[in-house]
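Engineer: Spelled out, the chains give:
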Amino acid sequence: MTFTKILTGAVVALGLATTAMAEDKTKVGFVYVGPVGDGGWTYEHDKGRLAVEAAFGDKVETVFVESVAEGPDSERVMTQMALDGADLIFTTSFGYMDPTINVAAKFPNVKFEHATGYKRADNVSTYSARFYEGRAIQGHIAGKMTKSNIVGYIGSFPIPEVIRGINSAYIHAKKVNPDVEFKIIWAYTWFDPAKEADAAKVLIEQGADVVLQHTDSTAPQAAAQEAGNVITFGQASDMGQYAPMPRVSSIIDDWAPYYIARTQAVMDGTWSSTDTWDGIGAGMVGIGEISDAVPEDIKAEALAMKAALADGSYHAFTGPLNKQDGTPFLAEGETADDGALAGMNFYVEGIVGDIPN
Amino acid sequence: MDLSAINPVILIAALISAATPILLAATGELVAERAGVLNLGVEGMMITGAICGFIIAVNTGSPALGFVMAAVGGAALSLLFAFLTQVALANQVASGLALTLFGLGLSALMGQSYVGIKPPRMEDVAFGPLGDIPVLGPILFSHDPIVYLGIIIVASVWAVLTFTRAGLVLRAVGENHDAAHALGYKVKRIRTMAIMFGGACAGMGGAYISLIRVPQWTEGMTAGVGWIALALVVFASWKPWRVLLGAYLFGGITQLQLNLQGAGVAIPVEYLAMSPYIVTIIVLVILSADKSRAPGSLGRIFHASQ
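In order, the protein sequence lines correspond to chains A and B.
For what it's worth, this note's numbering labels the leading residue of the first sequence as 1, then goes sequentially.
For what it's worth, this note's numbering labels the leading residue of the second sequence as 1001, then goes sequentially.
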C-alpha cells in the first residue's frame, strides 16, 4: 500500500469520524434583525443563544446571522441554515413571519420558532412575550412623572405588538394623569440609531419630557441624556448604562429559559408546534430596577402593579375601555382575551392620530 | 394637528446637522468618482471612521482629535480598496462591497468594549454676539465645527475641481485614463489619493454620527447612510453644490416628516416616511436634465499596458 493510499484512507476515516461527531450535536440557528451589539432586542436574543451553549456545552452547536433584512433576504439566510444542517432555527423578528413559513414548508424535518408572529405550521412554533405588561408599568410611571403632560413614543412598525404597547402605556398613563397626551412617531425601522435619536430629539423639542421607545437601539437614551430632564425606559434590554437618568426603568426580555427548553425538546424528540406567550409571571418579561430618579411612592405603586400583573390578579387591558372611535371595546371589569390582543389594530379612546396602514 | 409645536428655526438648525454625515461622505465619494473610481465601500469606511473617532475621543477626551483619527481610519481602510483596485486590478464593484462588509465587521470588533459609553461633547463654535441674532443666529451660528468644515470641504472641492490645474488633472484621469496616462500623469497615484480623500471624508461623516448626532457607539449604527450618500452623488450629477443641496434636502425632509408626525398632521405616515427619498430624487433628476453625465472612465480598471 502506497503512502498516498494510506493518507487517503486516513482522510476518509477522519471525514467519517467528523460527520459522525457532527450528527451527535444538535445544531441551533438564530436569525437576528439587528447587530448583536445593539444593546436591546437582538442583544437579548443573543444572550439567550449563549445560554443555550452554556447549558448544553458540547452537545449543541449554535450559529447566528445578524442584521438580516426582513423579507426575501431572510428567506435566503434561513434556507442556507437549514441546508447547513440546523435542527432548530429561531427567527427573531416579526417581519420574518412569511419567510419562516415558506422555508419551513421546504424543510419538514427542521423545526422553526418564529418570535412575535401568529402563523404556525407542523414544524413552526411561535413565541412571544407579553411586553404590554411592562408597558403598563411604564405608562403608570410616565403619567405620574411627566410635568409637560406630553409623552413621546417612538414606534417602529404599525404591527399589533407595537400598537398593543402604545395602548397599554396610554391607558395606564391616562389613569393617573387625565391630562396626558401621547405624541407618536413611526420610525419605520427596528434599528437605525441616527433616526431613532432624531425622532427622540423631535419629540423632546415638541415638549415631551418622557420618551418611550419601541425600537432596538440605545440611541433615544443618548438623545434624552443630552437634552437633560427627560426620562426614558430601557427597551428589550436593561440599558442600565443610562441609569439612573434618563433611564428610570426598563422592560427586559429573557429568552434563555425558553430557548433552552425548546432545544432540549428537539434533543429528546418531544418538540411539537406550540404557541407560547408568557409575561412577567413566567419570567419572560422582566422589569429593570426602578431608579432613584422615581419618587418612592410612585416606585411602590409600580412594583405593586408588577406583582398584580405577575400573579394574574390584574390584567393590563381591563374594561371599561373604548376604541379610539368611541365604540366599546371592553365592558366594566372585562379583560381582553389573547385573540383580541394578538390582532390589535386600533388605538384606545383618547389617543390622537391614525395608525398607518 | 398642532403645527405651532414645530419651531421652523430649530427645524432648519436640526436639518443642517442631520445632513452633515451624508454631505461629508457624498463629497468624498464625488472626488473618487470624478477620478474614475467607483468605491461602493462608503458604508464600511463611515462605520470604521465612526468607531475610530469614538475610541480616540473617549480615550483622549478630545472630540476634535477623534475626528482627525476618524479621517485617518477611513483613509486607512480605503487604502485597502486602493490596493485591490489599483495594484491588484480587482473589480471595483466587488472590492467596494467587500470593503463595506469588512468595515462593518472590523468596527464591531473594535467597538466591543465601547458600548454604552458617553463620548466627550464637541462644543459649538463660539460666534459671540452673532449667535444672538434672532432667527439667523440659531440657524447659521449655533453649530459644531464639523458642520462648517463640511461646507468648507464642499466649497473647496468645487473650487479645486473647477479652477485649478490639480482639479483638471483629476478630472482628466476620470474622463479618459488612457489619454491622461499618455500625457504623463500618474493615473494610479492620483486615483489612490482621490480614494483616500473619499475615505477620510466618509470616516469623518461616520464619526459625526457616533460623536455628535447620536452620541454613542452601537454596532452598525450608520444603518445605510453610506448607500444614500452613494446614490446622492449620482443624482447630483457629480457636482459638489448639488451634493450639498441634495444632502440638505434629504436631511431636511427627514426632519420635517418626523416633526409633522409628532405634530399629528393628517398626512398618512407612509407618505411622510418615503418623502425624503422621493423629493430628493425628483429635484435632483430635474436638475440633471442638463448635459451632465458620469465621468468617462468611471469604474474601469486601468493598466498602463492596455
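Warning: the hint list may mix true and false statements.
[Stated by the list, open to error] Chain A stretches covered by chain B per the calculated footprint, using a threshold of three residues with CB under 8 Å from any CB of chain B:
(1) 194 to 207
(2) 210 to 219
(3) 249 to 262
(4) 292 to 303
Keep in mind the hints are simulated off the structure, nothing from the lab.
Beta carbons: idealized from backbone N, C-alpha and C, even for Gly.
Engineer: If a hint holds in the structure, say so; if it doesn't, say that too.
Structural biologist: Hints, verified against the model:
| no. | hint | result |
| --- | --- | --- |
| 1 | 194 to 207 | holds (count 11) |
| 2 | 210 to 219 | holds (count 3) |
| 3 | 249 to 262 | violated (count 0) |
| 4 | 292 to 303 | violated (count 0) |
Hints 3, 4 from the earlier list are contradicted by this structure; the remaining hints agree with it.
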